[in-house]
Amino acid sequence: MACHSTQGSSLKVSSPPPEKGHPALLRLVLVAALAPTLVGCTDAPDHEAERTRRARQMRDVARMLDAMESPAPPVVASQPVATNPRVAPSPAAREAATPERHVASAPAWRWSFLAGSGGLATLFAVIVRRRRRSRAPVAEAPSVAPFFAEPPASPVAVEPSARRALNPTWVYRKTSYETPGLRMIPSAVDLLVPTYEPVSPESDAGGTYLLAFLADAAGDHGPFLVGDTRFPRLRRADATTTHLLAWREILDAQLDDDGDDGRLARWILPSLETELANDLPHREAASRLAAIEDEARARQARAAHAEPSFAASLVPVRLARIARMSGATRLFALRALAAESAGATDPCLLDAHIEVLLAWSSWSLAATASARLDDADAAACTLATFDGAWSARARHRRGDIRIRRAALRRATDGLDDLDEAQRLLDEAYERMPDAETALLAARAAERRARCLPPEEAASICSDALVHAFLAEQHPAWRRDAQACRRDVQRLYESLPHDPSPTNDEIP
Amino acid sequence: MSTKSPTGQATPPFWSTRYGIATTVALDNAAARSLQAYGEWAEQETTLLSALLDEGQTVLEFGGDFAAHALWMSQVVGPLGQVHLAEPRRIRFQQACANVAINGLDNVFTHPVWLGRGKGQASLASLTPVGRAGTDEKVRIATVDSLRLDALHLLKINLSHALVDTLAGAGETIRTHRPLIYARLTGLDEAQSEVEAIKALGYRVWSHVPYLYNADNHSGSDVNIFPGVVQQNVIAAPADGHFEFAERLEL
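From first to last, the protein sequence lines are chains A and B. Each residue of the first sequence is one higher than the last, beginning at 1 in this note's numbering. Each residue of the second sequence is one higher than the last, beginning at 1 in this note's numbering.
So here's chain A without its partners, still in its complex pose:
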């Protein structure tokens, strides 16, 4: 890179020429010198008036010279000479240019001689003065060139004045016109939305201390326990491996407990271990998942009494193993897993069976996927016969199944399924208002809106947004809910809008 000096050519180009003001100045001085001469050639009607006028003219000339000797502003100095405004002639000069005043008299000659001599003397004095000034060094005019010059490759001695120009000192002063600072109001919708507590320590799940410890370790990033209070499901959310390891340490300490804490720890641990295994490379994860299953079976064998939920606790592990299989191997493993949980009468096992069937359908296509959804729907109908939270869970499952079935069809063909899904999810939300159901309802509404004409879609979009906002209140579902809300907003914006929409249509 070439080394650039601060005295480079760019500076010279942007600086004004030192002799730039001379032609204009000379013109002005000549005008000033000739003016009295011309005046002297005119008739003098009154000596007193003539003296007064001459004094005024001399005063004007002196002022003009003072003004010209003061430094010109940079903007004016940078203008080309040709564009300088022409100096307007004074009233006296205009009078002198009048043709009727050419007749001269003897006193006028004397006055004109004196005035001409004075003007020439003034002109001489000005020229001498200007020459002296031109010999003096000319101050460099300010230029922006240094701010755009490339930095030197090697250290170059920079003059103090240039350093000052490169590093301006900015002084900020408060004014009455400045923008007021933003005042953040956290969670404005909190007043409208109940706060979700996925598993409260006072619930019938027991495990008071364990849940408190886990919640303490989770913070706002997760992992979280969601769903049923006795058989909560692990949701990782934004939890890192470190967060999961902190949970595992807590759970490990409770594994041999005979009470609710121990039961809950044994229920959660396989899911947690599965999440940890998901962070490993493919082959390591496969062997780790097999080890997790073996360890869980060994623990169950050592337990004093069999836990009916044990098989259900292994479903996340086995599904994670199946997800790593390829080809028909996955299909055969899914068939085996579904066959094990088929015919379950325990609601927990039944729900796990539905989970297996839904996973199977997600890895299937067309009629095969549809057949698995039919099986899952039948199991969900059986689950609906149980009381309490299981009934709401069954409606949630059936709504989910309808959404998946609609996805297998072409857009408008799935509308009936989506309508039914919306109804089921609304019922489920009434029975058990949780963020997971709200999010699913939002998704159902969003997909319905895509199948409907624009005038109906707008109001469905508002429903979807309300549900998405509700789901966002729970940190476990916040990220998915935000994604859903963005989808709905994009869909709404893509709709052809009426010029004057009603308030109901504006989400």
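I should point out that these hints are in silico values taken from the structure, not numbers from a laboratory. Since the model is a prediction, treat every value here as computed from it, not as a measurement. Even for Gly, the Cβ is constructed at its ideal location relative to N, Cα and C. Check the hints yourself; a few may be wrong.
Sample of chain A residues facing chain B (criterion: CB under 8 Å; computed from the structure) [as the list claims (entries may be wrong)]: (1) Q57; (2) G327; (3) F332; (4) W363.
Given the coordinates of chain A, assemble chain B onto it according to the supplied hints.
For chain B alone, coordinates are given in the frame of chain A:
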């Protein structure tokens, strides 16, 4: 342990593959090399098709590939389903039969025919380019319709230069059963006419481009003997059905 074939080549008698025991006669074929090296063949095809097949269904496969895919399809359709395997080349047909037999696949039916647009006989070289000199042979030609299948859920065509003629001889069967069609395209020159032939039957066609190497292969081999090699396949479904394949390129 290995045995010597009549041609003098030493080949292992059996390989333990992902879906059963298998062996091949010659190793000059990609399917045979894959079975030997990885214990599987075109596993990404299997991944897609096993998501489409269900118990009790009927499959017709033209081009046996040493029954490599018949092994898993037989298990997928189960005892209530059927797998029909058509292989016109004599030795390969016999090899496929051997693999079916030693795995006890009694729901697999083998047919030593070329599935074309009519009945008769022809030299193999006149139907498809033969691999080596001296491997040409006379083959029997039959139509799909002549097989009189009670059901057909998937028609799988593996052989090149066969798709258009096979579909021409399967008009009645396709009209009756509306099966899914999965086929390997022959090449640049024939691809357009082959896709058009499928569309002419009232089908929608999507592209499927599986890699021959599966990193998670059965043998756990990290050596890729098919670097960057893909097959140009298509999957087609009746346009009047509900089948949607949104993530694939529709042709």
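Task: Proposed interface contact between A/W363 and chain B, which counts if any beta carbon pair is under 8 Å - done: This hint holds: A/W363 lies near chain B, its Cβ roughly 6 Å from the closest one there, short of 8 Å.
Open item on the list: Hint validation: A/Q57 versus chain B, beta carbon distance must be below 8 Å. Holds or violated?
Closed with: Violated: closest Cβ of chain B sits about 93 Å from A/Q57, beyond 8 Å.
TODO: Tell me if A/F332 is really an interface residue toward chain B, meaning its C-beta lies closer than 8 Å to one of theirs.
DONE: holds, 7 Å
Open item on the list: Using the nearest Cβ pair, does A/G327 come within less than 8 Å of chain B?
Closed with: holds, 4 Å
Of the numbered hints listed earlier, the single one contradicted by the structure is hint 1.
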